[in-house]
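Visitor: Protein sequences, first through last, are from chains G and H. Heads up: the first sequence begins at 1 in our numbering, then just goes up one per residue. Heads up: the second sequence begins at 283 in our numbering, then just goes up one per residue.
Quick caveat, the hints were computed from the structure, so don't treat them as lab data. Honestly, I wouldn't trust all of these hints.
Claimed, not checked - Here chain G is said to cover these stretches of chain H; the calculated rule only asks that three of the stretch's residues, wherever they fall, bring their Cβ under 8 Å from a Cβ of chain G:
# : region
1 : 455 to 465
2 : 540 to 550
3 : 583 to 596
The beta carbon of each residue, even a glycine, is placed where N, CA and C say it ideally should be.
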Amino acid sequence: MHAIDFLLLAITASTPLLLAVEGEVVVQRSGIINLGIEGMMLAAAMGSVIAAQLTNRIAFGFAGGIAGAALLGALFGFFAIVLRADQIVTGTAINLLALGITGFIYRELQQSEIFARAVQFRGRNLVVPLAWIAVPIVLAIVLWRTIFGLRLRACGENPEAVTAARASVAGHRWAALGIESILVGIAGAYLALALSSGFAENMTAGRGYIALSIVIFGRWKMKGVLLGTALFGVAAAGQYALQAAGHALPFHLLLAIPYVVTLLILCGIAGRVRAPESLGRA
Amino acid sequence: MRRIVAGVVAAAAAIAVLAFCGLALGHAPAELLRVAIRGSVGSPFALQGTIVKSIPLLLTGLSVAVAFRAGVWNIGAEGQFIVGALAAFVAAPWGLTAALIVSIAAGAVWASIATALRFWRGAPEVLTTILLNFVGLHLLGWAVNGPLQERIAQYPQTDPIPSSAALPRFGLTSLHAGIVIAVVVCIALWIFLERTTEGLRMRATGFNASAAQWAGVNVTLQIAGAMAISGGVAGLAGGIELLGVTHRLFELFAAGYGYSGIAVALLAQLHPIGTLVSALFFGALQTAAGELQRSANISITVATFGQAVVILTIIGFGSFRARD
């Protein structure tokens, strides 16, 4: 494999992950840990395939992906923001829900046109530059150069101060969740429509959890998470390259590499990590 | 009282979900109910199946309950279950007792990796335990396709364990001695958590770690202890499932028992004795879903759906509020 191919593989294969990471940075900056991102991405993958197959348009597929992610995002928000339920318990429930619902729909409709026929992904691939260039720049500006971003970050550091300034903490958290839903929706759609040619059960395979780990490694900053995702992408591409080369390493052990790499990335947080002060508290 | 009401409503919601999925596929409600009851509690045979299913659920539920009571986010019961079973398989030639002890130890060690990473590198256990689930899953995949594959190397599964290491069964039923172990563990954990000072320290750590620290509790030790107990119990669940039910390992061995443990523990409001009831309920839900799949062609994934609905209903009732 040539070096250029290798890098391209590293970048495209980790693009859904990066979008999820970027979304999670926004919600965590607003003070919420959304573990349900895994389920949101899975729902997005299914939503995108259904929409793309029914309309025969890839653009509608992405819209369907965003709808799928937003549906579960709204449910998460209802419990985490409105009812102030524990975020980790809520996230876990959302993931089980997504696994159950998508599994149910998939198995019932497995023989139908929607899932039996491969998705045709045509057209230029705009998602990769979107994820690696446009979104990080826009988010960096919005989060660190606007009043909205200042307030959103304040919701994660000191929500009482936001309330005292007569701004709505819940409103900003809902906005953050909305941004995350869009990004995760695109991520799930890209995973199902471009990287695979359809839906498979539990196809996200822990990408949501890997995303959360990279957010911590990147210390809730755009530059950091870009670096973390790139590191992960190279390791993942290395795994594919080893597979393709028919290397002596057993296939199943290769499959474990992304998770071991993520554990290593999580342990690579040198020095003291300072999370947003109010992260995970209501 | 409110807790019991929440539990009953959550259980009803899960059943409603099953019914809804069936209705969506055009089945008559009465027929669905009949099939579900036939599969779960309608006959001595069905009841056996439900009880056998609820043994691993009871143990993984207890595993989660202990961890959550201590404020430790162990979402890794699935991985600990797998590693416990792997270790039990390897130790099975030395007999039943050795296999059971080794399964506990393996689960505890696997969970303690997360403890070590938390204290050494500050990596949150909620993520490390989940990531370790995936590592465990692929480790099992490798083992049953590689070094532990059956001698004739036909399927990705191991040979059966020696019969001397199998858990004895009651007469001609499928009920095995694992139920005795699980109930003993359940009562022991209840006494430990609710009736001993060490249990009080652990609960205090979960309730308010900094206050507990002020009161002289070694919070670090409590967290490490809770994680090890939690992992050990999940590992034992895997060991018992191997030695009592499947007798061999295969790729889908864990079948979500670890994740289901979270639903079991939450429906029981993290109370060990409550877990007993809740495990039986989810066991029945599983066998009912299995029968619905066989008779009415409704995919068994509705059981996972039902678990999620139970958790959401329980937290909707205001249990498990975020801590300020």
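Visitor: Now look at each hint and say whether the structure bears it out.
Guide: Hint check results:
1. 455 to 465: violated (count 0)
2. 540 to 550: Holds: 4 residues of the region 540 to 550 of chain H have a Cβ under 8 Å from chain G.
3. 583 to 596: Contact hint for the region 583 to 596 of chain H vs chain G: holds, 11 residues under 8 Å.
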